[in-house]
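> Now for the letters of each chain:
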Amino acid sequence: GQSLEQPSEVTAVEGAIVQINCTYQTSGFYGLSWYQQHDGGAPTFLSYNALDGLEETGRFSSFLSRSDSYGYLLLQELQMKDSASYFCAVLTGGGNKLTFGTGTQLKVEL
Amino acid sequence: EAQVTQNPRYLITVTGKKLTVTCSQNMNHEYMSWYRQDPGLGLRQIYYSMNVEVTDKGDVPEGYKVSRKEKRNFPLILESPSPNQTSLYFCASSLFPSGGTHEQYFGPGTRLTVT
Chain A
1 GQSLEQPSEV TAVEGAIVQI NCTYQTSGFY GLSWYQQHDG GAPTFLSYNA LDGLEETGRF
61 SSFLSRSDSY GYLLLQELQM KDSASYFCAV LTGGGNKLTF GTGTQLKVEL
Chain B
111 EAQVTQNPRY LITVTGKKLT VTCSQNMNHE YMSWYRQDPG LGLRQIYYSM NVEVTDKGDV
171 PEGYKVSRKE KRNFPLILES PSPNQTSLYF CASSLFPSGG THEQYFGPGT RLTVT
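Which chain is which? The protein sequence lines are A and B, in order.
Position 9 of the first sequence, counted from 1, bears residue number 9 in our numbering, the numbering being contiguous throughout.
Position 36 of the second sequence, counted from 1, bears residue number 146 in our numbering, the numbering being contiguous throughout.
For the record, the hints were derived by calculation from the structure and aren't laboratory data.
Just so you know, not all the hints are guaranteed correct.
[Said to hold, decoys possible] With a Cα cut of at most 25 Å, we get these calculated SDA-like pairs of lysine to any residue:
#	chain 1	residue 1	chain 2	residue 2
1	A	K107	A	E55
2	B	K181	A	F45
3	B	K167	A	G31
4	B	K167	A	S3
5	B	K167	A	G93
6	B	K167	B	N117
7	B	K181	B	E140
8	A	K81	B	Y215
9	B	K167	A	G1
10	A	K107	A	D82
11	A	K81	B	A112
[Said to hold, decoys possible] Label-pair restraints from in silico Cβ distances:
#	chain 1	residue 1	chain 2	residue 2	range
12	B	S177	A	T11	42 to 48 Å
13	B	S177	A	K107	38 to 44 Å
14	A	S8	B	E180	37 to 43 Å
15	A	K81	B	P171	32 to 38 Å
16	B	E172	A	G58	37 to 43 Å
17	B	Q113	A	T57	17 to 23 Å
18	B	Y120	A	T57	31 to 37 Å
Please read these numbers as outputs of a predicted model, since none were measured by experiment.
Beta carbons: idealized from backbone N, C-alpha and C, even for Gly.
With the hints as extra help, turn the sequences into a complete structure.
What follows is the structure, encoded as structure tokens:
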């Protein structure tokens with residue numbers, strides 16, 4: 001089966017940079033995705049890494065090291081609206097199956 | 111507007127009474143999936159479908175059925191609901207192949223309570 005580990009909670013101040021780590025154990029690894037979920041809302045897609053390296057999308061970047069079974073999400077210039085839960089998720093089964101981590105609750109403070 | 115819709119959004123039912131949660135997408139996506147979300151457990155995949163008449167089990171399929179008779183619809187069926195199926199359910203869809211990102215678009219969720 002698949003297992004993912006990420007911190008349960010992270011707190012940072014507005015304007016700062018925060019990194020949310022994700023380690024995984026899986027067979028048939030296809031890629032690593034990140035999703036954001038605000039309280040009471042649906043998950044929304046942030047980024048996807050299939051190959052080693054950094055993917056940048058605006059204030060958000062995601063990194064993957066396949067050899068280390070490790071990835072992270074980097075959020076820069078934090079804003080209050082970034083307070084949400086962030087989930088890493090591994091794609092397996094040729095991209096058909098998505099297994100989520102238990103999520104990291106990010107609190108952004110003034 | 112491109113979207114995934116689910117109905118009902120909230121449902122309280124009793125043990126053993128069959129129910130169906132509908133899911134529909136208007137993006138012509140091949141891939142659709144159901145997840146349940148429980149506190150401390152994240153989202154867990156129940157079933158997925160790669161296209162019409164093609165479905166497969168996710169990580170927690172026990173107690174659930176699905177069907178994919180039309181590309182846009184992917185209903186989730188609970189033949190005999192039990193209290194341990196009380197959860198928040200999300201339907202999602204995606205292009206398959208997706209062009210690289212495998213981005214899944216999620217519906218608003220259905221909060222189910224089984225008493």
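> Taking the hints in turn, state whether each one holds.
Do the hints match the structure? See the list:
no., hint, verdict
1, A:K107 to A:E55, "23 Å, holds"
2, B:K181 to A:F45, "22 Å, holds"
3, B:K167 to A:G31, "19 Å, holds"
4, B:K167 to A:S3, "18 Å, holds"
5, B:K167 to A:G93, "11 Å, holds"
6, B:K167 to B:N117, "22 Å, holds"
7, B:K181 to B:E140, "7 Å, holds"
8, A:K81 to B:Y215, "20 Å, holds"
9, B:K167 to A:G1, "13 Å, holds"
10, A:K107 to A:D82, "8 Å, holds"
11, A:K81 to B:A112, "23 Å, holds"
12, B:S177 to A:T11: 42 to 48 Å, "44 Å, holds"
13, B:S177 to A:K107: 38 to 44 Å, "41 Å, holds"
14, A:S8 to B:E180: 37 to 43 Å, "40 Å, holds"
15, A:K81 to B:P171: 32 to 38 Å, "36 Å, holds"
16, B:E172 to A:G58: 37 to 43 Å, "40 Å, holds"
17, B:Q113 to A:T57: 17 to 23 Å, "22 Å, holds"
18, B:Y120 to A:T57: 31 to 37 Å, "34 Å, holds"
In this structure, every one of the numbered hints holds.
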